[in-house]
Amino acid sequence: MSRAWRNLGLGIIIAVIIIALTPYVWMFLTSIKTRVDALASVPKWLFSPTFEHYPKVFIDKEYLPLVGNSIVVALSSTLLSLLVGVPASYVFARERFAGKEDLFFFFLTTRMAPAISVVVPMFIIFGKLGLVDTYASVILAHSSFNISLVVWMMRGFFEEIPQEIDEAAQMDGNTKAGTFFRILLPLAAPGIAATAVLCFILSWNELLYAMILTAFESRTLTVGIPGLVQPHGTLWGQVASVAVVATLPIIIFTFLVQKHLVRGMTFGAIKG
Amino acid sequence: MSVKFKNVSKRFTDGTLALDNLEVEFSKGEFVIFLGPSGSGKTTACRCLAGLEDITAGKIFVDGKDITPLPPREREMSMVFQNYALYSHKTVYENIAYPLRIRKYPKDKIDLMVRNVAKLLQIHDYLGRKPRQLSGGQAQRVAVARALVWQPSICLMDEPLSNLDAILRLQTRTELKRLHEELKCTFVFVTHDQEEAMTLGTRIIVLNRGKLIQFDTPRKIYSEPATRFVAEFIGRPAMNTIEGNISDGLFRAKELDLPVSRRSDEKVVLGIRPEHIVLQRESQSGFIPFTLDVVELVQPDTLLFAKKDKIDPVSVVVRIMEDCSDLRPRDTIYLKFPQQALHFFDLGTGERLS
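Protein chains in written order, with numbering that gives the first Met the number 0: chain A, 0 to 271; chain E, 0 to 353.
These are calculated hints, taken from the structure and not from any lab test. Cβ atoms here follow ideal geometry from the backbone N, Cα and C, with glycine treated the same way. Do not take every clue at face value.
Claimed, not checked - Simulated restraints, written as ranges between beta carbons of each label pair:
(1) E:Asp-13 - A:Ala-112: 48 to 56 Å
(2) E:Thr-15 - A:Phe-180: 39 to 47 Å
(3) E:Pro-36 - A:Asp-101: 31 to 39 Å
(4) A:Phe-180 - E:Asp-13: 26 to 34 Å
(5) A:Ala-112 - E:Asp-110: 54 to 62 Å
(6) E:Thr-15 - A:Leu-247: 56 to 64 Å
(7) A:Ile-70 - E:Asp-13: 48 to 56 Å
(8) E:Asp-62 - A:Lys-258: 27 to 35 Å
Could you build the full structure based on these sequences and the hints that come with them?
Dropping the structure here:
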């Protein structure tokens, strides 16, 4: 590659990074600006920072438990989705049965309906079951879309493991279940990690289901943010500080499994 | 101990008949080869024996016991796969120890058995490595070690040498033969390479299109091929086959006329191995003149491709174990087809004629 092309490529990458990061930086700066600074008609780049919004929103307004709620919901729905989705994807990858591809497509179609059209019946069902404003309702709702993601991604991972590995494990003395748990799960671990992170992110960021299915007890962090838009004006500093905290787990997680995530993503795209 | 395929047929869901009424029996300690071209059903036969494929009809017996309904783990067999199928997340040691762990051997015994088999296969220096850090040859040995460590009654091998380079393949071949003699375990080996089959096997099962063509010792398969297919499949270069008629003790074909000891009038295929043809540079009685077409050196031998007539589409191939550097294309050479080296096959069915 010539030097000019290299520099052009580098320039484009830098531009994309700037475009992607600007809102985040803006958000962070807003979270440490006073209300006056935040609302200045000409954006202020030099200001004396304040950390007043963080204790105000997390302690005074009691937003701290919402972080816990988000963690419980995101972890539980991720776990549930993996428990159901990983064995299902293994069956899709390995077994031959009538209507397999149709069923697989059906799994995907569950993601195609707009969330708003699904959430109302869900609200009614959960209402009848007495589950509204419980963790269970949000966990189940989030699992409903995460399971199809798991099945879709993990099928690709399992298909990349040669069939001979299953057969070798059986010849070595395993049952089919033993083969799955002892050999294939450890081999698919990078894929499971990547899928888990995606599930976690989707559940953590989800707003619509959580907003409609929860009221107070099991509110997640994303549901808390609209509560800061008040009749006498939006509390931008507090909105920004909640948003900053809300992005932290995602950033940490993504860094931790970055390598697997990239592999997992490209794989799903090609093989799924 | 014996293994018996009784009228075994296998039809895949797409309708392909991979095994057609296979009936074969071999005994303990043999090195049995399933040999055939691709699509002959040799791998399917091996996988049916392993229990990795259900059979459509028939039964498989081991020691008189019907093992057809048993899952692979209850058949007491091990298998070496073409691509080795090592567990990439486990070390070499753990790969080899795995079948023992599943069978709940005590820890100290596992260690002893793993180290013994590793020594036998000269992989004791790599026990701590992961499979991705091994060369093809090393990975292959690990796969063999994993298959042999628990001393199964039968070890199946599905083209285990085909991913190795030529030199390594020869070395490993010799080692497998040594292992077999040392361990006295029954080896069932699948290959499409007739040289591998001839050198390794105590007996060879030749398959074509799912059917058993011949089951015999390598020597017998070479010297008395049951059909034209076997004759042409075994031996490098392949046996010369010439289609023609016999009448009045004379074999007549486009390429040549040849007196033969057979008397009956029939349409036959005459076969003769390239190494059985006798060469003379000068005319002699009983020798037929041919025009030399191509000379190939396959040290230490020489292959001569000769034609009776320049326009003949097919050459007769002669394999000579002597220096033929004096011969040039278009030279006239004189060939003799000794009576005792001739094979005859039915032109229609391809069956050997006695």
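Status of each hint after checking the structure:
1. The hint said 48 to 56 Å for the Cβ distance between Asp-13 (chain E) and Ala-112 (chain A), and at roughly 36 Å that hint is violated.
2. The hinted range of 39 to 47 Å is not satisfied by Thr-15 (chain E) and Phe-180 (chain A), whose Cβ atoms lie roughly 33 Å apart.
3. Range check, Pro-36 (chain E) to Asp-101 (chain A): Cβ separation about 38 Å, and the 31 to 39 Å hint holds.
4. Our hint of 26 to 34 Å for Phe-180 (chain A) and Asp-13 (chain E) holds, since their Cβ atoms are close to 31 Å apart.
5. Between Ala-112 (chain A) and Asp-110 (chain E) the beta carbon distance is about 57 Å. The supplied range of 54 to 62 Å therefore holds.
6. Against the hinted window of 56 to 64 Å, the Cβ-Cβ separation of Thr-15 (chain E) and Leu-247 (chain A) comes to about 57 Å, which satisfies the hint.
7. For Ile-70 (chain A) and Asp-13 (chain E), the Cβ-Cβ distance of about 50 Å falls inside the hinted range of 48 to 56 Å, so the restraint holds.
8. Separated by about 51 Å at the C-beta atoms, Asp-62 (chain E) and Lys-258 (chain A) break the suggested range of 27 to 35 Å.
In summary, the structure is inconsistent with hints 1, 2, 8 from the numbered list given earlier, while agreeing with the others.
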